[in-house]
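Asks: Start from the sequences and build out the full structure, keeping to the hints where you can.
Residues per chain are reported as follows:
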Amino acid sequence: MVYKSLVLSFALGLLLVIPGYSLLSLTGKLKKHGNFFSLSLPRIILTSFFISIGSYALIAIVFSYLSVPFGKVWLIWLVLGGLTLVTARQDLPYLTSQIRRLLLSRWNICSILVILAAFIILSVQGGLLDRLADGWWHMAYANQMILENSAWISHHPLVGKELRSPSILYPPIWHTNLALLSSGLGIALPVIWHAIAGPIVVFTCLAFFLLVDSLTKSPKICFLSLVLLLFLVGGLNSYMRVSPWPANIAYIGLYFALSETFRVSDALETRTSTSYLRLFRIGPGHTLLHLVGIGALGFLLIGLHGVEAVLYLFAITAYLVGLSLTKEIHSAPKFQIERTFLFWLIATVLAFGFLFAFLFLRGYLAGLLLLPKSKAPYLNFFVPTILGTFIIVLAWINCSGHRSSEKGFWKAAWWVTWIGLALLLIAVVDFSHISALFAPEDYGRHVPRAFTERFGNRVWLPWWDHQLRGAFLFSGLVGIFCAIFAFTKERTRATIFIFANTALVILILTSPYLFSMSSFLIPLGSTYRVHMLLFTPISIAILLSYMLPADDPSR
Amino acid sequence: MIHHDNELRFLVVNLLILSIWTFSYTWIVRPGLVLSFDIAADTNTVGQVYWSNGSGFSEDKKKIFQVSNQHRYVRLVLPSGIEKVRIDPIITEGYFSLREMKIGSRDCIFLPKRLCFQELPIENAFFIDQIAVENRASNDYFLSKGTDPKIEWQIEKKFHQSGVVRYLAILIFQSILLTAALYAARGLLTHESKLAGRGLASDLKHTPILCAPFFIAYVFSSVSVGAISQPVIDFLFLISLVVFAASILGILQRWSNHLKPQRVLGIFLVVGFLMPDFFFHLGLASKPFAGEELTEYHWRATRTYEDNFQHSPLKYIEDLDQISQIISSDAIILSDIATSYYLASTTSVKGRLFHPHHSVPQFSIDNSQRKDICRTILKHPTLNDSSWNFPQDIDYILLNLDRRNKNVAPLCEGDRTQQLISEILKKHSRLIFRSDFFELYKLY
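In the order they appear, the protein sequences are chains A and B. Here my numbering is used: the first residue of the first sequence is 1, the next is one more, and so on. Here my numbering is used: the first residue of the second sequence is 1, the next is one more, and so on.
One should not assume that every hint holds.
Pairs of lysine-lysine, DSSO-like flavour, derived with a Cα cap of 30 Å [what the hints assert, rightly or not]:
no., chain 1, residue 1, chain 2, residue 2
1, B, LYS287, B, LYS158
2, B, LYS315, A, LYS72
3, B, LYS406, A, LYS4
These aren't lab readings, by the way, just hints derived from the structure by calculation. Because the structure is a prediction, the values reported are computed rather than measured.
Replies: Below is the structure:
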């Protein structure tokens, strides 16, 4: 049984990579851009994985329209598998060179061993939990797609109720993937669900590895972070046995999108041109293509589990705020380019987001404005707006103070504004809620605690229960301490990113106004998922790396 | 060349580590025995456990536990030095289920299970009173014929004397640490001159290589339960711990030359806070240290493939497939919540009973409606009374008889009630499918 489980996990891993790999390889050859656009091995695997997921969703849609049975997907596997074999001969030297490059660092070798161990353990332990959780709803949804041979369903997956029109009950991309895999292999969905945990954990580890690598460029911290990711009990991103759930596939996308964003920033930094238009031209480095890829990944995230697309926006916005308010690094050219790039990226994402909401979610948005949280005295809007204003003013002072010769004036303005911001933060944080983390008086589940605060505003705060309490006690608290310590010790991309996101998480989860405001962008029942941005394993790994002797060459 | 200062430091560091470990162990692992069993009954009631250390059972040596119609794993901490133990499963007449009884030392962390655990099967009971064993294949289903049923066991001699297993555990682990320290010292005493400029990275080099084979062997052996015996698994785990501990000690001792005190303090604080999470994943703790964490969401080294098999429909896949083939594709089946999900995920058959947050108005039935149905079946055993309040669109009733899968609760609460329902259904509806796990009835 164990052996069969391992084999099935491995086969599923291949089926989630091979289609994307063959398309990636083929595109590279047709466009004559060289092998895989110069991707490293983990990036090849993850890019292939996401292309595969998107392709399966497209295949399911085409099969639905043409009434081709889902089970016939094996024909596509046959074609793409053959294509891979044809291109493999040419790709092999590049792939082996990438493997050799990866194995140059002993820390990378350790990371590979850790990922291998995670694959074996999760393939055996699997994704079927010992308790009845919502995974069964997802399996029933995928099963309904199989029964109807369609990406849209016309009957409720559990009770069979006839739906008004072919419907989508949940972001369907991952379910279409499960439906095709189950139909193509002729294996029952629970068996697929069980076995797919192994490869998904590998992809999660690879994406996390790439994120840490893009932040720190240290194989040692990558290795430590991976170990901590697998061993710490730290909320949603530590639930390895929940890997087959759609949200967990989206977490992989979140990590990967963040790491790719930093890679674009790195690519921009290496260019000497001062014209931003020229910076994004298509050429060596393929920055524009890269950005299009990140955009496509964003759309995929929406189709997998939309919350993570918002979390991506939160994470890079927090980082941009961190960059803009950090004094010492303001003049560094690298961060100037990064700041400008992130500003335009966020502006573009917001513009597309508003356009998307205006076109497709008008009714939903209008409904939001009628909810109690949108009503007088409107502190759920005012408090975030005032906080945002303070941040913009501080960034402006930081920028102007750097350029101006009157350093004293700007320094005074800087501190006065900071004190104002600090007082405001103290006023908007619910300290009794923080104390409830350690001594909860009551428990709840996903739906947050609703109450009316002293100004008569309807607000929400999450229960310290379920994932959140596990996320904070105690690895989360250690992580927060490590993030603060690392930020005070040195200002790097990693420390600023971790610290800014940690601050954002703490503020959202402890301030009723910010939590309620966030619930306009993320469904109320999922707003607690913002704790995903704590990145506890990375902050602890960074601190542990500081504790190593200074003469260690791998630091 | 061996330097005397190094010898002294080596001795002091090891004594310190041994003392800290012994102190931590005695503080964290309290002395005592753990009695555990799985119990359920037809009614909500309480049960009692008595123990004797040679002077007989008495009211001051007892513990009370709750019993309900849902299977519950009871775990009671008893003092050391026990000679007999007695379980009074319920205090009423009626049916109850009792299984997986065992007693063991709380020190049974690193020791082979056979050394520090004693199974308490019903066949080995020393004395049974007011209890009849029901004729069921599983042999864990009983009838209490009075208000004071009791089952009594003799406890093995090793548990009679207070703390024998405990001292053994401490001694074994101290020996392991000493061996590890000696191993580590080799490096310190023979390569001192080379070590002055070396950092953790070079020290860590051998750790994964040394640990990996044992740890992988341990993981493989623990996942393939049945193929490899428990002592072998424990032995492999101990070996991997020895090598790991040796490497850590070696690192600490080599490293102590250039470690600042604040760094050491920082490491101890961070590692100290995080160790419970590592212990949990390595299977040394049954649940995370803090919070209300759901242990099922995490991987654990001691979790086996067997666990998946027992608590999921993996063992029913063929049965479910057969059921879907013998009934029409749009059939509606009434079953317990878990089986309803299993059906919806693997067949075209739809159910009616799901978790409240998945319910669909006018289609799903809730818990109170389910209880009504059970009551109705019991009250109208001929199943032909038109006045009963039975959902009209239900075509079949599927009883899941599996009691090992903890997600499956009987459709009608209480094993005895479930049995009665099964008997009524057998007489007055058509049994169209039967397997080890299922009985499927077509309603007329």
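Asks: Evaluate each hint against the coordinates.
Replies: Okay, the hints, checked on the actual structure:
no. : hint                : in the structure
1   : B/LYS287 x B/LYS158 : holds, 28 Å
2   : B/LYS315 x A/LYS72  : holds, 27 Å
3   : B/LYS406 x A/LYS4   : holds, 25 Å
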